[in-house]
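Mind the numbering: the sequence shown is residues 1 to 218 in full-length UniProt numbering, read in order.
Just so you know, the hints here were simulated from the structure itself, not pulled from any lab data.
Mixed in with the good hints there might be a few duds.
Across the chosen pairs, the derived CB separations fall in these ranges [as the list claims (entries may be wrong)]:
(1) SER4 <-> LYS181: 42 to 48 Å
(2) GLU195 <-> LYS110: 45 to 51 Å
(3) GLU195 <-> SER4: 44 to 50 Å
Calculated lysine-lysine pairs in the PhoX-like style (CA-CA distance at most 20 Å, straight line) [unchecked claim]:
(4) LYS153 <-> LYS109
(5) LYS185 <-> LYS197
(6) LYS135 <-> LYS174
(7) LYS68 <-> LYS174
(8) LYS69 <-> LYS20
(9) LYS181 <-> LYS201
(10) LYS69 <-> LYS137
(11) LYS153 <-> LYS186
(12) LYS50 <-> LYS88
(13) LYS199 <-> LYS186
(14) LYS186 <-> LYS201
(15) LYS50 <-> LYS12
(16) LYS197 <-> LYS174
(17) LYS69 <-> LYS109
(18) LYS153 <-> LYS181
(19) LYS12 <-> LYS137
(20) LYS137 <-> LYS153
(21) LYS50 <-> LYS68
(22) LYS181 <-> LYS12
(23) LYS68 <-> LYS45
(24) LYS88 <-> LYS12
(25) LYS20 <-> LYS68
(26) LYS135 <-> LYS153
(27) LYS172 <-> LYS201
We put the beta carbon where it would ideally sit given N, CA and C, even for glycine.
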Amino acid sequence: MNYSISEENYLKAIYHLQEKGGTASTNAVAEQLNTKAASVTDMMKKLSAKGLLNYTPYYGFSLSTEGKKTALFIIRRHRLWEFFLSQKLGFSWEEVHGLAEELEHVSSKKLIDRLDEFLGFPPYDPHGDPIPDSKGKITARNQLPLSLLPLHKSATVCRVANQSAEMLELLKHKAIAIGTKLEVKKHFPFDQSIEIKLKTKTVTISEQAAKNIFVVYE
Numbered sequence: 001m002n003y004s005i006s007e008e009n010y011l012k013a014i015y016h017l018q019e020k021g022g023t024a025s026t027n028a029v030a031e032q033l034n035t036k037a038a039s040v041t042d043m044m045k046k047l048s049a050k051g052l053l054n055y056t057p058y059y060g061f062s063l064s065t066e067g068k069k070t071a072l073f074i075i076r077r078h079r080l081w082e083f084f085l086s087q088k089l090g091f092s093w094e095e096v097h098g099l100a101e102e103l104e105h106v107s108s109k110k111l112i113d114r115l116d117e118f119l120g121f122p123p124y125d126p127h128g129d130p131i132p133d134s135k136g137k138i139t140a141r142n143q144l145p146l147s148l149l150p151l152h153k154s155a156t157v158c159r160v161a162n163q164s165a166e167m168l169e170l171l172k173h174k175a176i177a178i179g180t181k182l183e184v185k186k187h188f189p190f191d192q193s194i195e196i197k198l199k200t201k202t203v204t205i206s207e208q209a210a211k212n213i214f215v216v217y218e
């Protein structure tokens with residue numbers, strides 16, 4: 001079944017909110033999509049009528065099995081387009097999100113599966129987020145926020161949770177990207193900022209930034 005761009009945006013927003021807190025309230029969805037609560041209520045009723053949402057009074061909305069499947073397909077399209085734009089067309093990771101927001105609504109499964117094959121079935125997008133496969137399965141990996149990385153442990157950046165233009169600009173300025181190897185040298189108790197050693201220099205980042213940078217280490 002095909003859905004409108006607005007319906008797809010709602011499903012994707014609800015999926016991301018569920019990942020963080022289990023269910024999605026009307027106010028949380030309104031804030032996520034920068035719209036009015038009344039508009040959210042109308043859309044929730046529409047999506048519920050199509051069997052895409054479950055509703056528990058005083059608790060919130062959650063995706064049904066079909067709703068989750070649809071949301072994962074939208075996310076699959078978005079992240080594959082990000083990978084394509086980054087790896088094949090040379091767009092920077094600050095640019096790919098906005099472009100993929102438009103391309104993700106091209107809903108041909110055959111096209112997306114061919115794109116996936118053409119790209120070599122990448123497991124992660126340019127920001128390190130997992131790309132669902134053709135069956136909606138996501139590859140899990142052990143990762144932790146940089147803020148929790150033990151001192152003097154060598155680690156590799158694998159994901160950036162906050163993908164705002166401001167965050168990505170900061171990381172670019174600090175020379176931190178997916179695949180960057182680093183080591184935490186010091187925690188500063190005053191503001192919980194941390195000093196990290198990169199290959200060619202040492203930089204200091206805030207606690208907020210460190211909580212949004214995820215790493216893997218042995």
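So, going through the hints one by one against the coordinates:
Between SER4 and LYS181 the Cβ separation comes to about 44 Å, which falls inside the hinted range of 42 to 48 Å. Between GLU195 and LYS110 the CB atoms are about 50 Å apart, so this pair conforms to the stated range of 45 to 51 Å. Hint check: GLU195 to SER4, Cβ distance near 48 Å, so the stated range 44 to 50 Å holds. For the hint pairing LYS153 with LYS109, the CA-to-CA distance comes to about 42 Å; that exceeds 20 Å, so the pair is violated.
For the hint linking LYS185 to LYS197, the alpha-carbon distance of about 7 Å falls within 20 Å, and the restraint holds. Note on LYS135 and LYS174: the hinted pairing is violated, with a Cα-Cα distance of about 37 Å set against a maximum of 20 Å. Pair hint LYS68 plus LYS174 does not hold up; C-alpha atoms about 37 Å apart against a cutoff of 20 Å. Between LYS69 and LYS20 the CA atoms are separated by roughly 18 Å; this keeps the pair inside 20 Å, and the hint holds.
For a cut-off of 20 Å, the pair hint linking LYS181 to LYS201 stands: about 12 Å separates their Cα positions. With a CA separation close to 10 Å, the supplied pair LYS69 and LYS137 stays within the 20 Å bound. Restraint check: the Cα-Cα separation between LYS153 and LYS186 comes to about 11 Å, which is no more than 20 Å; the hinted pair holds. Taking the CA atoms of LYS50 and LYS88, the gap is near 37 Å; set against the 20 Å cutoff, the hint is violated.
Restraint check for LYS199 and LYS186: satisfied, since their Cα atoms lie roughly 16 Å apart, inside the 20 Å limit. Under the criterion of a C-alpha separation no larger than 20 Å, the hint pairing LYS186 with LYS201 is consistent with the structure, at around 14 Å. The hinted pair formed by LYS50 and LYS12 meets the criterion: a straight-line CA distance of about 16 Å does not exceed 20 Å. A threshold of 20 Å between alpha carbons decides the hint, and for LYS197 with LYS174 the separation of about 11 Å falls inside it, so the pair holds.
A threshold of 20 Å between alpha carbons decides the hint, and for LYS69 with LYS109 the separation of about 13 Å falls inside it, so the pair holds. Of the supplied pair hints, the one linking LYS153 and LYS181 holds, its CA atoms being roughly 10 Å apart against a limit of 20 Å. In summary, the hint linking LYS12 to LYS137 is supported, as the alpha carbons are separated by about 16 Å, within the 20 Å threshold. Between the alpha carbons of LYS137 and LYS153 the distance comes to roughly 31 Å, so the proposed pair goes past 20 Å and is violated.
Under the criterion of a C-alpha separation no larger than 20 Å, the hint pairing LYS50 with LYS68 is consistent with the structure, at around 13 Å. For the hint pairing LYS181 with LYS12, the CA-to-CA distance comes to about 32 Å; that exceeds 20 Å, so the pair is violated. For a cut-off of 20 Å, the pair hint linking LYS68 to LYS45 stands: about 17 Å separates their Cα positions. For the suggested pair LYS88 and LYS12, the alpha carbons sit about 25 Å apart, so the restraint of at most 20 Å is broken.
Proposed proximity of LYS20 and LYS68 is supported: the alpha carbons are some 15 Å apart, at most 20 Å. Pair hint LYS135 plus LYS153 does not hold up; C-alpha atoms about 36 Å apart against a cutoff of 20 Å. Between LYS172 and LYS201, the direct Cα distance comes to roughly 14 Å. Compliance with the 20 Å bound is thereby established for this hinted pair.
Against the hints set out earlier in the document, violations occur for numbers 4, 6, 7, 12, 20, 22, 24, 26.
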